[in-house]
Every structure is written in structure tokens, then in C-alpha cells.
Amino acid sequence: MFDTEQLGLNGRISRFQVSIIVPADATEINVCFHDNAGTWDNNGGRDWCIPLQPVASPATRAMASSRLPASRVTPPLAAPAPASQSALEPGQLFFAPSQVLSIYDGLNGLLNGANGFRLVGSAADNRLGTSVAAASDVNGDGYDDYIVGAPGVNSPNFREGRAYVVYGPGSAAPSQPISLVKAGEGFQATGLNTDDQFGTAVAGLGDINGDGWGDVLFTAPLADPNGQNNAGAGYVVFGATNLPLNVNLAGLNGSNGFVLSGADTLGRAGSACAPAGDFNRDGRPDFLVAAEDAQANAGCVYLVYGAAAYPSNLNLDSLDGVNGIVFTGEAANHHAGHSVAGIGDFNGDGFDDILIGAHTAPDFNAAGRAYVVFGGNDWPATNSLAALDGANGFRIDGAAMFGNLGAAAAGCDLNGDGLADAAVGAPNLDEAYVIFGQTNSSASMSVTNLDGDNGFTLAFANEGSVISSGFGAALVGARRLNVDAFGDLLCGAPAMAADGRAGAGEVFAVFGGPEFPAVFAVNQLDGTNGFRLKGGQAFAEVGGALAAMADADGDGFDKILIGERLFDAGAATNAGAAYVVSPPGVAAQVLYRPEIITTEDPEGLPAVTWAGQAGVTYRVFTSPSLSPPDWTELTHFVSESSTNTIEHTADGSLFYRIGVER
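Mapped onto this note's numbering, the consecutive letters of the sequence shown carry residue numbers 9 to 670.
If you're looking for bench data, these hints aren't it; they were derived computationally from the structure.
Do not take every clue at face value.
Just the calculated beta-carbon pair ranges, DEER-fashion [stated by the list, open to error]:
{"no.": "1", "residue 1": "Ala529", "residue 2": "Phe372", "range": "27 to 37 Å"}
{"no.": "2", "residue 1": "Met409", "residue 2": "Asn254", "range": "10 to 20 Å"}
{"no.": "3", "residue 1": "Asn116", "residue 2": "Pro319", "range": "47 to 57 Å"}
Backbone N, C-alpha and C define an ideal beta-carbon position, used for all residues, glycine too.
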């Protein structure tokens, strides 16, 4: 594995010097460059490899240098222009293209407790990891927290369900049962009635009541509030410093939290939920609760506004435009609200926007639809998604019949333009789509028209090689998985065969960047543009639920939360599991912050000198560009000194990646 620092040098090449430490038994060193075309064509002009001879003296064994032949300098210069330097942020991460999401056993395995860990369901059929979510700081300890749902828990009644809030930074053991979480490490809440399936969906809401602590939402879509069969319910628990290990949902009284009661029999309120950002721009975060089977399966999405006070029980049919608003599906059987997400400010008007998926629309075509709804403070109490006109939002149409676009929804800023992007999944096509934020929208658009400028398609390069992977069944935007200025996107494929393990599932991390092709091949992630985490157990469905948690341990990176709801824990079939993964810890080239000192030698050559450590292997890569990067290994060597140096001038731009192998 490598820790990394990148440096770009701009200038004109007429001479370069490479100072390196080499092993005592080294017999050959080659340093190779190629031109800005980014290809090795051996054209005799600007591509070259130079053999360097190790210096014989052990004391000065580090130095080997060469002058470029005049024929390789275009044009030859008597006095090279001074080179300028452009250093990328220290600690850039580079990943192996794929790794198995496995537990370190003393010899092998990826997650070792320090770089991530697994929480396992306590009993058969708990289905821990059906839902996962990031929460802001619930207990006021300065760390963000996370939530895991287990709707299959019987305690003691059949499928009452349970959800867990685990305080950051989290477990130090590579794997442990969720039941070992103790008071002070988190809390749990259990459904109130048989077959409520509490914990089906969970969300961190931010501080909706303004008391300084993050609040959380759990749902029970098969609950029967007010005697209405399967109307569904949600439970908001306010953050506090002294929450007990077992939070009693029956004791929510408006001061410690409140209940959300579904409005329609069989409506299943709580089928999905999500934070909404500040939709009405009143300074408090808002949140979404979906009832995808309400109103003859047309679906309803309830947007509840943040407020200083709530009643102990808020009936969702009482939203009146002041305390919240409702969005209804266009027609019966559309299932609007199958997925919901707050996506940030898509259109740049200063209000946060939301994304709603209707995966079976239109009619029985099931190509799927999604809706971007623009935030504002003048929405009426009840609104039809059919009324979106481009000014207040717009509709996204699926690509093909039965594609189920809208099965998943997420927001991110992948292209770094400051506008939120909308991501929607179509798992029956094994595709997902990113629509770039824009200040002007028409009333509708089709994902078939994404061209790389307005967005792009995430798909497999060889469609015939992947069948029913479920890619796009779960999506979540991440702010910082690597070191750059772009947001990232996590995509789940829970039905995918991983290295022959049918249904093991995979998670694809796609890094943001300044530009994308019309179709981005997710099965060709190479570690610099993203990576894959593969499930280790057949039919366990890694990636069925995803979340990204803001820096929970102070390393500056989001944590990846992954659900694996059908994981078998020994004889406990379908106990389920959830993973917390630290990107720096699983990177093939890991976070490293060497001391970079830039000087000039007497001839005016820029010298890149970094603090080193004897006995470690350094690798140096170059790329003529960062948009996109095209890294080529320049050299690698075992350091015998506390400093390492590269000196040269460059024609055009040449970027360096300096890594330490561990």
C-alpha cells in the first residue's frame, strides 16, 4: 500500500536530475517519461527511457543523473524558463480497483478495526443492515454518529423490529455483535407491536428543533396508528447527552421526540425517509417521510419542516403548508416515494431541493420516473408531482420499460460546479444516472439524452457480462472519499456475483471530477477514478443499503456505511450485518503527509525534496495532466536516507505522485 503526495511542475525540459536511494544489490535503473499526448509511441521525439547507473560508493549510492540528448529537447533552449510548481493537497488517496469486504483474522482480511469494522445481527432473521444512515452528533461528544436498522428483530413479538444508533468514532474490534453496544456507546429502540418492522428505514435529520443536538428518525411502515392497518409510522428521537441504552418509543412526548402517524390505510408511511436540507430556507433542517402505497399506490411524500416544538403525535395528514407540505404521485400505481433524498441546491436559487423516485411509473410500463422539486417558501399544503413545470421542478423519465428508474435517489456534486447533482438508479437495467445541476430546467427530461455535458449514465462496459446485478438499487452522495474538490457517489449492486459468489453484492465508489463521458463504465474503475468493495458471502446482498458519514474520527474523510441484510452469522441465517469503512484505511496508497521542501540547485533547477524514512519503498509516478490523470510509474526505490530528491525542469506540465509502500 502507498501513502501519497502529488506535485506538478510546469516549465520546459532541457535537463533533469533524479536523486534516489537504491538497494545495495540494484543492477539496473530506468527512468521513463512520455509527452503530453499520454501515449508511449516511441516516436523518437518526446518519449524516452534513460538507463541510469548506480553510483558505486555506498555513501553516495543515491545519486544517478543524465542529460537528455539534444534531439529529445523541442526546441533546444540555452536558458530554460523558471519552472512553477503546483502541489496538490497532501494525503491524496489511490485505491486498488477492487477488494473483498472481509474481516482481518490475524493473517488475511481487509477490515482490522482501525480502518473499519463490521456489526453483526444478534439472531437469525434480524436482517441488520436493511437500512443504514449517517447522523450528525446525537450525543454532543463532537463526533458524528450512525444508524442501523434491523426490521426482522423479534423482541419478543414477531418482527417488531429494532434500530440502533452507534456513537462515533465506533468499534475498535474488527467484528462484533450489535448487541454488545453498551450505554454510552449508543442506544437502541424497539418497535411497539407485532410486525411493525420498525427500522425498515432510518435517517439522521440534523438538528430540526434547534437545541444543539442532532436528531434521528426511525420508521415502521407496517404499524397501525389510530387503528389504520399498515398506515405506517415514524418516530423522531431528539438528541441529548444522556439518552438511555433502551429508548422507549411509547414515551415520546414532544420534548424528547415525537411520533409521525400515517394518514392512509395500507399507505405504509415510512417506506422511505431522508433529511431534506433546508427546503424552505428558514434556518432549520427539514425531513421527508414517504408513503409509497398511499392513495391507491400513487404514493405520497410528506415534507416536515424543522421547528422549535412539535406535538407528541403529528398526523401526516395535518400538514398545512406551515408545518410541512405534501407531494402526491401523478397516478395510481406509480409508487411515488419509493425513494427520497435531499440533494442540496440543484438550481442555484439558495433553497435546498429534493428528489423523489417513482419506480413503477408510468402506468404499468415501469420505466420509472423521478422528480426534482425545487425548494421554496411559498408551496401550498398539497401538491401533485404532475404540476412540475420547470420553474418549480421537473420530471426525469426512465430509459426503458421495466427499468425501474427511481428505485434509488441521491444528491452529490460530482463535477464540482457548486450546484447539486441528482443521481437516480434503475436497477433492472443495471444502470444509474447523474443529472448535473442547472439554473434552467424544462418540465421534463429523459435520461436517454444525457451526453456528458448535462449528466451521464453509469453502466457496465459489456452489458452482456452483467445480468440483474441490481446496480443502482442504492445510491448515496459522499462529500470526501478522496482528496480533491469534487463530491463522490456510492452505488450499490446487491444482487451482483462477486468473484463467483452469487448474490454477494458489490459497492462501487465513483470519484467526482471536472468532466465525464456520456457513459461511464463502472466495471472499469481503476483505483484513481473509483474502486469496488465486494461482498464475501454468497446471497448476503452487500450494498443493499448505503450511507456516507461525515468525518467521525478526525481523519478528514467520510466513512462508508454498507448494509448486508442477508449475512449469515454462523448458524444465524439472515442475521444481517453493517460495515463502517474508512477510505484511507482501505486505500492501496494510504494517507501520507511528507514534509515537502522546494528549493533550487545552483543551476536553477527546481528540487523537490521530501522527508523520508530509511527502509521504506518510495514510488514516483508522473502524469502530463490531472484532467484526467494518466499516471505512469517513473521509478521506485528503497530509501536509505531521511531525504529524497527529484530535480528537473519540464516542458509543459508534469504532475508527480510520490507514494510510500507499506
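Here is how each hint holds up against the structure:
In this structure the supplied range 27 to 37 Å holds for Ala529 paired with Phe372, their Cβ-Cβ distance being about 32 Å. Between Met409 and Asn254 the beta carbon distance is about 48 Å. The supplied range of 10 to 20 Å is therefore violated. Taken as a hint, the range 47 to 57 Å holds for the pair Asn116 and Pro319, whose Cβ atoms sit roughly 54 Å apart.
When held up to the earlier numbered hints, the structure conflicts with hint 2 and nothing else.
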